[in-house]
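Colleague: Listed in order, the protein sequences are those of chains S and L.
The opening residue of the first sequence carries number 1 in the numbering used here; numbering runs sequentially from there.
The opening residue of the second sequence carries number 1 in the numbering used here; numbering runs sequentially from there.
Derived from the structure by calculation, the hints contain no laboratory data.
Incorrect hints may have been included.
Because identical chains share one entry, a pair is satisfied inside a single copy or across any pair of copies.
[Said to hold, decoys possible] Below, computed lysine-lysine pairings styled on DSS-like, alpha-carbon distance capped at 27 Å:
id, residue 1, residue 2
1, K72, K38
2, K154, K102
3, K129, K154
4, K102, K164
Nothing here was measured: the structure is a model prediction, and the numbers come from that model.
Spelled out from the first residue to the last, the chains are:
There are 2 protein chains.
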Amino acid sequence: MKRVAFLLLAVATVAGVIGSVARASGSADESAPIFVTKIPPGYRDWRLISVAHEAGNLNDIRAILGNDPAIKAYREGMLPFPDGTIIARIAWSYAPSEENNKIFGRAQSFVPGPAPDWYLQFMVKDSKKYAATGGWRYAQFDKDGKPADETMLKTCFPCHEPVKARDFVFTHYAP
Amino acid sequence: MKRVAFLLLAVATVAGVIGSVARASGSADESAPIFVTKIPPGYRDWRLISVAHEAGNLNDIRAILGNDPAIKAYREGMLPFPDGTIIARIAWSYAPSEENNKIFGRAQSFVPGPAPDWYLQFMVKDSKKYAATGGWRYAQFDKDGKPADETMLKTCFPCHEPVKARDFVFTHYAP
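Isolated chain S (complex conformation) (with noise of 0.2 Å):
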C-alpha cells in the first residue's frame, strides 16, 4: 500500500532526497548516503513551476516550486537540467472550502486541507553522483520533516523513468 502511493505521488511531480544542500554548489561528498534527511532550507520561498491535483488514493492539491536554477531551465526549455536544479513538491489534502461553498451555495472550491504523509518531496540534480538513478536524488518528509524510509524512496527513480525525454520530471512549466 504505501508503495502504491509512492508510486502515484509521483504522477505530476517529482519526488527526491537530498543529502546535503550544500552538494548542489559543488562540493563533492562521495560518503553521502542516496537518501538523505534533510530538508532544502527556503524551499517555501522558490518560485512556482505549476500546480495539480491528484485523484485516486492520493485525493491531493499541490504546488511544485523551484530553486532558481530550476526555473531558468524551465523558462529557456533547457534539457536535461542544470547540476544544483532542486525541483520542491507540497502536497495538501484536496478539500472541500466549506467558508467558500457556505456564501456560494454550491460545492465550488477545493482548497488545501491537513498535509499528508507525503507532504514534501524534493528532486536533486547531480548528473555524475546520481547517475544511476537518472542523476536525480530523491527525498520525502512528512509535516513533521520525518523523512520517508529508504524502501518506498527506492521506489521514485522506476516511476520516473518513463519521463526520462524529459530528464525524468512529470510536471511541466505553468505559464
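With chain S fixed as given, assemble chain L onto it according to the hints.
Modeller: Positioned in the frame of chain S, the structure of chain L alone reads:
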C-alpha cells in the same frame, strides 16, 4: 453569464484592478481610474500563498501568489493587509494529464491546461484611496493582457464583502 462567472471567480481567491503599480509605492494619483489596465510587473516571480481548484462553470486550477508585503502579512497573521499589498491569482483550465494517465493507467492527474478568459486577477491594497471598495482595487486580464470590462469588475467588491472579517480576502495561506 459573464457576471456569474466573475462572481464565482472570486471564490477562494481574490480579484482586483490595478491602475498603476507605482501607486502602491505611495505616490498619490487621484485621477487614476478605479479599474485600470496595467499588469503588475514580475508577478510570476512572487511567492506562493496557496492553490485551489474551482469546480462548476469555472472548472479551473489556480495558484495564488503574493508580493513581499502580502507574504509578510500572511505569515505574520497581519490583518488588515498593509497598503502596497498585491495578491495575484493565476487560473488555468482544469485538464486531465493524458501523458500521466497513460503511464499510470488511470484518471490520476489534473494539471494546468490552456488559459481561460479569467486567466489573471489582482487585488491591490490602498486603504485610503479605495476606501469605497474595502481598501482594495480589483483587476482581471486574459492571456493576451486584455483587461476585463468595468461592468464585470464592479462585481468584485460585492462578492468579497462576505469575507470582510479577513480584509475581503478569500484565500488562506497554505503552510
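Colleague: Does each hint hold? Answer for all of them.
Modeller: Hint by hint, here is what the structure shows:
Both within a single protomer and between protomers do K72 and K38 lie at most 27 Å apart by alpha-carbon distance, with minima of 24 Å and 25 Å respectively. Taking the closest pair of Cα atoms, K154 and K102 come within 27 Å of each other only across two copies (22 Å); inside a single copy the shortest separation is 44 Å, beyond that limit. Taking the shortest Cα distances, K129 and K154 sit within 27 Å of each other inside one copy (16 Å), while across copies they are farther apart (57 Å). Proximity of K102 to K164 under the C-alpha cut-off of 27 Å is restricted to the inter-copy arrangement: shortest distance 15 Å between copies versus 45 Å within a copy.
In summary, the structure agrees with every hint in the numbered list given earlier.
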